[in-house]
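2 protein chains.
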Amino acid sequence: MAKWVYTFGGGKAEGSRNMKELLGGKGANLAEMASLGIPVPPGFTITTEACNHFYANDRTYPSDLKEQVEAALGTVADLTGKVFGDAKEPLLLSVRSGARASMPGMMDTVLNLGLNDETVKVLAESAGTRFAWDSYRRFIQMYSDVVLGVDHHEFESILELEREKRGAAQDTDLDAEALQEIVELYKKLVEDTHETPFPQEPHDQLWGSVGAVFGSWMNPRAIAYRQLHDLPASWGTAINVQAMVFGNTGDDSATGVAFTRNPATGEKALYGEFLVNAQGEDVVAGIRTPQDLTEAAKEASGSNLPSLEAIMPEAFTEFKGIVERLESHYRDMQDVEFTVERGKLWMLQTRAGKRTAKAALKVAVDMAAEGLITREEAVGRVEPNALDQLLHPTLDPEAERTLMTRGLPASPGAATGAVVFSAEEAERERSEGNDTLLVRNETSPEDIHGMVAAVGILTARGGMTSHAAVVARGMGKPCVCGAGALKIDAKAGTMKVAGKTWKAGDVITIDGATGEIFDGRVPTLQPELTGDFGTLMEWADAARRMKVRANAETPNDARVALDFGAEGIGLCRTEHMFFEGERIVSVREMILASDEAGRRAALDKLLPMQRQDFLELFTIMSGLPVTIRLLDPPLNEFLPKEDDEIADVAKAMGVKPARLRERLIALTEANPMLGHRGCRLLVTYPEIAEMQTRAILEAAAEAAKETGKSVTPEIMVPLVGMRSELDTVKKIIQETADTLKANGTAVDFSIGTMIELPRAALRAQEIAEAADFFSFGTNDLTQTTFGISRDDAANFIPSYQEQGLIEKDPFVTLDADGVGVLVRVGANEGRKARPELKVGICGEHGGDPASIRFCDAVGLDYVSCSPFRVPIARLAAAQAALSTSQDQTA
Amino acid sequence: MAKWVYTFGGGKAEGSRNMKELLGGKGANLAEMASLGIPVPPGFTITTEACNHFYANDRTYPSDLKEQVEAALGTVADLTGKVFGDAKEPLLLSVRSGARASMPGMMDTVLNLGLNDETVKVLAESAGTRFAWDSYRRFIQMYSDVVLGVDHHEFESILELEREKRGAAQDTDLDAEALQEIVELYKKLVEDTHETPFPQEPHDQLWGSVGAVFGSWMNPRAIAYRQLHDLPASWGTAINVQAMVFGNTGDDSATGVAFTRNPATGEKALYGEFLVNAQGEDVVAGIRTPQDLTEAAKEASGSNLPSLEAIMPEAFTEFKGIVERLESHYRDMQDVEFTVERGKLWMLQTRAGKRTAKAALKVAVDMAAEGLITREEAVGRVEPNALDQLLHPTLDPEAERTLMTRGLPASPGAATGAVVFSAEEAERERSEGNDTLLVRNETSPEDIHGMVAAVGILTARGGMTSHAAVVARGMGKPCVCGAGALKIDAKAGTMKVAGKTWKAGDVITIDGATGEIFDGRVPTLQPELTGDFGTLMEWADAARRMKVRANAETPNDARVALDFGAEGIGLCRTEHMFFEGERIVSVREMILASDEAGRRAALDKLLPMQRQDFLELFTIMSGLPVTIRLLDPPLNEFLPKEDDEIADVAKAMGVKPARLRERLIALTEANPMLGHRGCRLLVTYPEIAEMQTRAILEAAAEAAKETGKSVTPEIMVPLVGMRSELDTVKKIIQETADTLKANGTAVDFSIGTMIELPRAALRAQEIAEAADFFSFGTNDLTQTTFGISRDDAANFIPSYQEQGLIEKDPFVTLDADGVGVLVRVGANEGRKARPELKVGICGEHGGDPASIRFCDAVGLDYVSCSPFRVPIARLAAAQAALSTSQDQTA
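These protein sequences, in sequence, are chains A and B.
Just add 811 to wherever you are in the first sequence, counting from 1, and you've got our numbering.
Just add 811 to wherever you are in the second sequence, counting from 1, and you've got our numbering.
FYI, nobody ran anything at the bench for these hints, they're computed from the structure.
Hints are not guaranteed to be accurate.
No copy labels: a pair is met if it fits in one copy or bridges any two.
[Unchecked claim] Calculated pairs, DSBU-like style, for lysine-lysine (alpha carbon to alpha carbon, straight line, at most 35 angstroms):
{"hint": "1", "residue 1": "Lys932", "residue 2": "Lys998"}
{"hint": "2", "residue 1": "Lys1467", "residue 2": "Lys1311"}
{"hint": "3", "residue 1": "Lys1619", "residue 2": "Lys1542"}
{"hint": "4", "residue 1": "Lys932", "residue 2": "Lys1302"}
{"hint": "5", "residue 1": "Lys1169", "residue 2": "Lys1462"}
{"hint": "6", "residue 1": "Lys1307", "residue 2": "Lys1462"}
{"hint": "7", "residue 1": "Lys1542", "residue 2": "Lys1649"}
{"hint": "8", "residue 1": "Lys1467", "residue 2": "Lys1307"}
{"hint": "9", "residue 1": "Lys1416", "residue 2": "Lys1307"}
{"hint": "10", "residue 1": "Lys999", "residue 2": "Lys899"}
{"hint": "11", "residue 1": "Lys1462", "residue 2": "Lys1542"}
{"hint": "12", "residue 1": "Lys1307", "residue 2": "Lys1165"}
{"hint": "13", "residue 1": "Lys1462", "residue 2": "Lys1302"}
{"hint": "14", "residue 1": "Lys932", "residue 2": "Lys999"}
{"hint": "15", "residue 1": "Lys999", "residue 2": "Lys1109"}
{"hint": "16", "residue 1": "Lys932", "residue 2": "Lys899"}
{"hint": "17", "residue 1": "Lys1298", "residue 2": "Lys1619"}
{"hint": "18", "residue 1": "Lys1452", "residue 2": "Lys1462"}
{"hint": "19", "residue 1": "Lys1079", "residue 2": "Lys1649"}
{"hint": "20", "residue 1": "Lys1416", "residue 2": "Lys1516"}
{"hint": "21", "residue 1": "Lys1649", "residue 2": "Lys1314"}
{"hint": "22", "residue 1": "Lys1467", "residue 2": "Lys1452"}
{"hint": "23", "residue 1": "Lys1619", "residue 2": "Lys899"}
Please take these sequences and the hints and turn them into a complete structure.
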């Protein structure tokens, strides 16, 4: 016989904290508290399995559920001395949902269950007439709404009419008689709309509530919440049925919530609030001003309301002891709910408390220091993504603000600046020391210098993986993308939102963590990388197996990466170096050249600039590994696209616009993502690979001389699909190196490849025979494996997400089932050919904790991510290693 | 001790026909003939392993090679009574290359080796003075060219001067004395240019020749030939050294070549030619008119020269007996070379004869009828691709022609017609009964009606897989693509090639099998699908395991497919139906609609047209399976692109051009191949799937009623990467079917999906849980697996082929190592979930024999290809099955 019901109360329980899957979070913790001897209102939990049975069997209950509930009610009766359905000592119940994960407010609750025309009188005798009728009124309203589906507005209307009639300003001004009359009106409303009278039989009320709470697991709100938080419907919810306790039976009663530490700062001090003579919903509703729990908090807040410590010292002392015990027992900061009923303390809930990133860090480090948890556990206690909040400026939460509109939170951090509509303006203002926000419909590689110059980026179009978003994240620069309400007229130098106009030079503020855009300046707080941060990172570094590198091209990026603890550069995208100043001119000359000689002439001009780029990088990274990817994008990315730009560039270069346009057309591809780029460029224009190799090796030699540390560059060939491609480019690199060596520049280097095409992963064994290292380019690998262009995905992915076709954006979190299979195959096959093969990942996934966990499981040697995500990656890598080692010891 | 040398002659041999890898084709067959007791000049073969040793060891010979060659020379001496290097009875040798596969003319040969100032005199005594000095002269010239690298033009100059001096019109007019003088001049030339005298020592001559012949394996000509024919360099060449025999020692000598059957027609009759008193090179040179071998052939050709049968009856009878024996022995048509030296017949070579497709068919069918080979062997004897020649009109080989220029041979068949530059002109001319050739820079889906109306297509741009090429092949219509020399001015109605101009209406001819374009009309021959064709197809059908279907949308295509033996339609691309007449208007209305209601209104207009399309298809296919793919391409393919077209369309639709342009821009994608298409369209616009499902099911019901045969359409969902996509579209289809059923239209149907993305192949198991069938869309699967856009590949693939990075175009022959891995995984995983899963392939690879072999090996149920390739696929599938069954019995 299946056990569907678990009782708790009176110092013991059938369940425990380890049974969250079966009892839900609330039920498991109620059972745990009961077992610890902590006072919880006696009750029982109906399991999630009963919920699943309910859905699997056309919304019916297991045949033996009723019997088990009756038995449990008996146990509660024994503990409370009250009997459910009894007219003399009636037991009143609360019925609450409780799923495995907290889903606040998503599902239904019924309180005061068991009240009817008879029991209300008994309650009146023990707790007062007004209290009893008010409770009955509330119960009818709640039950009818939740169980019978009677619109709660209709009850509100009745209440309002009655208040008017009696000149009562608030519900509390209504006396017992009025409430009694309202109850009659309520019951009539139910009978009229529902066509049967309001149920008087407590068992009918109970089963009606159980059905409604199970049913609420599938209400649209709950479904949407689960989709949003990635929770499977198959979990089901449990139901907790408990004896009612009342915090609103007079001045010796109270109700409140508390955290064992400050959830905003992490400070170790009891933190929370309560109300005298109130129910839980009153605390939440915020109508009355809540009081502080402790004298210390009262003093700190300057409140003139007495603390719990002061007015109910006995209950407070018991409470303080209990929560301290709970924190020790659970070895984590607790978030608790409690009620004092006529001086008697009842604990209603305990759970791990939600906290800010800052608090999480402090709590973890403090608890390890207190010996409550180990350092490894501390490392596991901070959500890596939460660190992002700590690494960027944030809006002062106290500051006033005027919201203009919203976009997508594309790159975290808050920034204030004058609006500019072009990269050139941004640069000009920068040179005069002014902060600007670059506002564009969308950005392109030509805007990079503007993005560098601006303090933040705002675009009207494009998604989380648009050019602006990706580049901004890479730069660690605040960015809000796809703010569709923004109508930009760059020529006129204006932008409009909902009819209102802003001009170039007007100051606005963006919050890249929320996607909000504010008019004017909103004060920001600078990030503090406190000692706790450093401490936790140190512990994380001690725990992790994988190395963490950064994707960086500029000296600034490289320095930031180093500051954040990067152990090398995993991806230096050389094309990003091609857009600045004179370089772009030479790059264009190369592209426009009609033969190899012309290309070589242009490349000769680029050589010293590239060499200087690499020299700076090598010098900054001082002996750490630097992986340099040879030219990757299609050449037309370097040409201007618009007519007026073409005219400007043609003039500057001294060629006819027609020539530029002709070349642009010749280079335009149907599907540039799958076109003439990567190693395909290097095979057709070997002189490019030659120039880049020379720049790399000469710079390495010079850097080694300057820093006194040996530099071993890793040269990476992009977009290889066939071993023959790698062989061909490798030959060019090797021959160039041989020539340099013959001329006295001898540098050790290694040659590897990106694995970013399905075919490369499938043929990894033979490719590895020719490669010193692999770096999984999971951006492109995701595009090709799914057959989805990141640039075009916005046309259908939102619809996919709405309809629930896709859980996680595969461009954010590595698709372990598809793309991940290729990563695993690629790594394993590659190592078959070459056991010492160094294997890493670069691209956006390298900074995503879930993806990092996958990389650790597959056994990659390192991840590489944008500089600002390096700390996140370090922590995620540590957590991955710790969970692996736990798995192994388990 | 390795054996490097194999002797043959005198009725025995150390080698045999099975040793082609070691002895080369020529050497193996010489050994075989010797063993059969057929007279071959005694000699020996130096193995391909010796060649490989030569290259692996810096062009040196195995240490024991010399010894083995000496021993072999001894054997030859025993058989001939002549001794190599002997002054009295000198043995003269021929030294010929002979690789595993025939490489005609690619490598070097040295004849008359062993002649020197002494032996020439001995030869003069036995064979006449003039003959001897002429032989010596030829030897010096050939040897100096091949071995010493003296330019053969210099010898020609000497010869010419001498002829002038002596008033000799031809070489044959030079007498012995003159030739002797020429020999002196030759020797002087060698000594002057080569700085050493011409080698007199026969062994020096022999080793010089052996080195030169091995060396010629790596000459640029040979390397290029091997690349072209996919032959690995690792094979190496063997060398055949034989006693010289002379067909030019008088009127009782002759030399000739023969086929045991007619290589053009396959007719069973000795076919060949010979010359009296001549050497092999004279037959090839074509200076003298060769004579027929048989009296019958002489009569048939009306020649006035006597036949071999008539003038050398004894040798002829022996020859006839030998070649008949060879054909029986080799069980295939033979191509032989022979020489008669003073009445004595010598066989110099035998090998399987090259033949036309027509001959191959007849020879195979005849030989099976004769009992020489089995029917299964007959099926294996015809190269499937060769059938292509038989299924299309060809240029009359006798006809005169004037070449204009060349393009790519994009779709086989010859066609003559008046030049038109637009689809509309083509349609207009067609309606007046005129044949046209549609000439475009490139074609787009909007040209389809013009391609249908024209008899052939010619484009200036685009490769073998361009739109024009793919569509033309699908239609079985001749097409030449990418004729870069063509400068088209469609507005002016002219095209230029190399300065010459053709106008619209001028007649030209294209040969889609060669890519040639001719001025004016060139007569063509219509294909005859003779009885032999039908017979062989019948045998093939009996042998094959896989079904063969066709890719077809139009009634005409479906009929052609059926005529060619298709067993159903494997891919009906519904979008092709959207371009004609009124439909395109409704399609555009749908695309321009701003909401679902607008789209539905347009789809309502399309419904009856689509239903009619399907009704016709189902009626023609009468009970055979028909797989219909729901709408696949991105919507902007249906919109006009050019300004003037936009204006026209906007006018016709009564909308503003700006509206059209706006929509066009909104629908323009960075990478349309990876964009909003396939099931992504169906998920976002479910009403399209609904309309198409309705059209399919209603048509199926009607067709079943009309034909009396049940129709079970297979509805195919394109571009699925995740099971959730298939589930979503399946639900739409199922709900539409349920609605129809409720209204009285109940049709059995199945729902399947294309597997055309790497992820779909990797997740095939879960996708198969929701699919009745899989069809591998290997075109897109190749694009995504390689990360190569077919439309853009022309920018680098030619360079890849030149540099040898890629062997076969993966869009023509399935890449078994990469894409094929995914096909195999997809099929296996799919069948794990659903053992009865029907699995096929559609797309270009379905008609490629090598790919079909792969599909058979993977265990696919069917292949689907364009109608004109159906016979090829049937034959290839049969060969695949036969080779599999051989593999199993082996």
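Discussion item. Flag every earlier hint the structure violates by its number, smallest first.
Written reply: 4, 5, 9, 11, 12, 15, 19, 21 and 23
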